[in-house]
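Chains A and B, in that order, are what the protein sequence lines are. Sequential numbering of the first sequence, starting at 618, is according to my numbering. Sequential numbering of the second sequence, starting at -14, is according to my numbering.
Since the hints were derived computationally from the structure, they do not count as laboratory data. Hints are not guaranteed to be accurate.
[Claimed, not checked] In the DSS-like style, the derived pairs of lysine-lysine whose C-alpha atoms are separated by at most 30 Å in a straight line are:
1. B:K(-5) <-> B:K269
2. B:K48 <-> B:K176
3. B:K169 <-> B:K269
4. B:K176 <-> B:K(-5)
5. B:K176 <-> B:K269
6. B:K(-5) <-> A:K699
7. B:K127 <-> B:K(-5)
8. B:K127 <-> A:K780
9. A:K696 <-> B:K127
Please read these numbers as outputs of a predicted model, since none were measured by experiment.
This is what each chain is made of:
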Amino acid sequence: MNSILFLILAAIAVGCGINVVLQTHPISSALSLVGVMGALAVFYLQLGGEFIAAAQLIVYAGAVMVLFVFVIMLLGAGKERKTKPRIWVRWAGPPLLIFFVGAVAYVLETGLPPSAPVRFGGFDGGTVEAIGARLFTEYLLPFEVTSLLILIAIAGAIVLARKEID
Amino acid sequence: MNFYLLSLIKTAIVVAVLMHTLAYLQWIERKVIAHVQLRVGPRRVGPHGLLQPLADVIKLITKEGMLPSHVSTIFYLLAPFIAVTFALISIAVIPFGPVIEVGGVRTGMELTDLNIGVLFILAISGLGVYGVALAGWSSNNKYSLLGGLRSSAQMISYELPMALAIAAPLLIFNTLNFREIVAKQGFYYAKFIPNWGIFHSPFPQILAFLVFLIAAFAETNRVPFDLPEAENELVAGFHTEYSSMKFAAFFMAEYANMVTVSCVATLLFLGGWQPPFPAEYGSKYIPSLVHAAAGLLCFYHAANPARPLDRITLPVFGVLSLGIAGLFLIPAVQPILLPLFWFGAKTGAILFLFIWVRATLPRFRYDQLMRFAWLFLFPLGMLNLLATSLAVALTAK
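Based on the provided sequences and hints, a complete structural model is requested.
Pasting the structure below:
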């Protein structure tokens, strides 16, 4: 059951991911990216990371991508024109792609230590309570430093975006 | 019983009830607004216009579905689908009553009991923006685009105070599961004050409730925050180019969102299906009393009919009400019906508030809307969250 669901979602995620690049219209690409994020959220859920799944939907699909779509609409970006690929790209591209995919697969297969296969439902540290406890004890310093960083970024954005007062 | 069979039955019941609620919510809205404005509202189709929703549905289905030539076809067709899907999904995690036992089968009165129910609702409501934004953009029409942009900006802005207002009671209840949240509101201070979210120690969440309600009005694009469809500036906003069932999908999504936020407000702040005072003071007779009073009122008006037809229609409703009143007295069905009654009553009260406000308040200007969200509602929600965390931290054992 879990494996079938995983395969279907993996197909959706990869299909949407390829679609992000292939689409000529920015809105189509952005929506495909939302599809990728939705599929990722279900992956997290399958692996027992329920909080991270919800956060993925709320933050990425619900807030970040909505802002992307919003900006695309405001700017009125139109369809991109497809240019004809150069001759050497057309001939050398597919072999190079196959080579690099093969190389990555080879390194992952041989270079990494053999690990136990992922078991669905074998992890239970993803509940809200568990993550909250870890964040406020073990990872307190990184957590606070990150929030400070975001605060600085927000202040910087405000300074950059404010109107010059004459 | 088989899990799948049970889920199918529950889904069928919830869908049937939800769809009828959506249809009749619209009838109630028209009736209430009409009475506020000293009109009678729809009353041609069926007794007191009760079949008006059916007539509307037939009209919308049989209407020609126009596809304007200047739209981006895929997104134009996708948008109402997205809007209505995400509006209807949220109802799956709302519990309507406690765990009950029917014919030897134990089951909770909800479709699924998620331990991150509150987060799920937040996630789904965040995705609902896409329907409106896409509808506005794909219509290729300046009014639609402005409506869609206004709507997405408004929903993003008001999501913040809404999330802050939800976070404060969660600090007190210490769980994200709706069933546990309601269970923690099932006690009474001094034996008669319910410890619902709005009264709960250590810090009553009345402020959070108000912030949540106001943000909910904005999230569902209702008056006084219905800028996305301000007809005097934007024709009909994001659904200007939509007709027939595609338009009905947006309409349905708006009402489904209203029902969902009312349910969430009931669960988080108003104690879910817990009665407002304990059963030993007779709270289990309230439903019977209310229905019996309604039935007797019907008979009284049938005896002095204002219109000739009332002589026939009102006694029918009177008998129905008295029958329901009797039903609430049967001990075997009380554990099922009483929680449903209280949940329905509280949700219905909030829905009535939505309609009441629509009949009463004028619309905001857009800059007022944004200033209100960022300079008043957001700081208020933040202060409430801070005060709540302080109170929770000080009283923690």
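Straight-line alpha-carbon gap B:K(-5) to B:K269, limit 30 Å: 25 Å, holds
CA of B:K169 to CA of B:K269, is that 30 Å or under? 20 Å, holds
Take a quick look at whether B:K176 and B:K(-5) sit within 30 Å of each other, Cα to Cα. Outside the cut-off at roughly 35 Å; violated.
B:K127 paired with B:K(-5) [C-alpha distance capped at 30 Å]: 44 Å, violated
Measure nothing beyond the straight line between the CA atoms of B:K127 and A:K780; if it is 30 Å or shorter, mark the hint as holding. Judged against 30 Å, a Cα distance of about 27 Å means the pair holds.
Assess, step by step, whether the Cα of A:K696 is no farther than 30 Å from the Cα of B:K127, and give holds or violated. Distance of about 18 Å is within 30 Å: holds.
B:K176 paired with B:K269 [C-alpha distance capped at 30 Å]: Holds, because 16 Å separates the two Cα atoms, which is no more than 30 Å.
Satisfaction of hint between A:K699 and B:K(-5), Cα-Cα up to 30 Å: Violated. B:K(-5) to A:K699 sits at ~50 Å, over the 30 Å cutoff.
Hinted pair B:K48 and B:K176, Cα distance within 30 Å: 57 Å, violated
Checked against the numbered hints above, the structure violates hints 2, 4, 6, 7; every other hint is satisfied.
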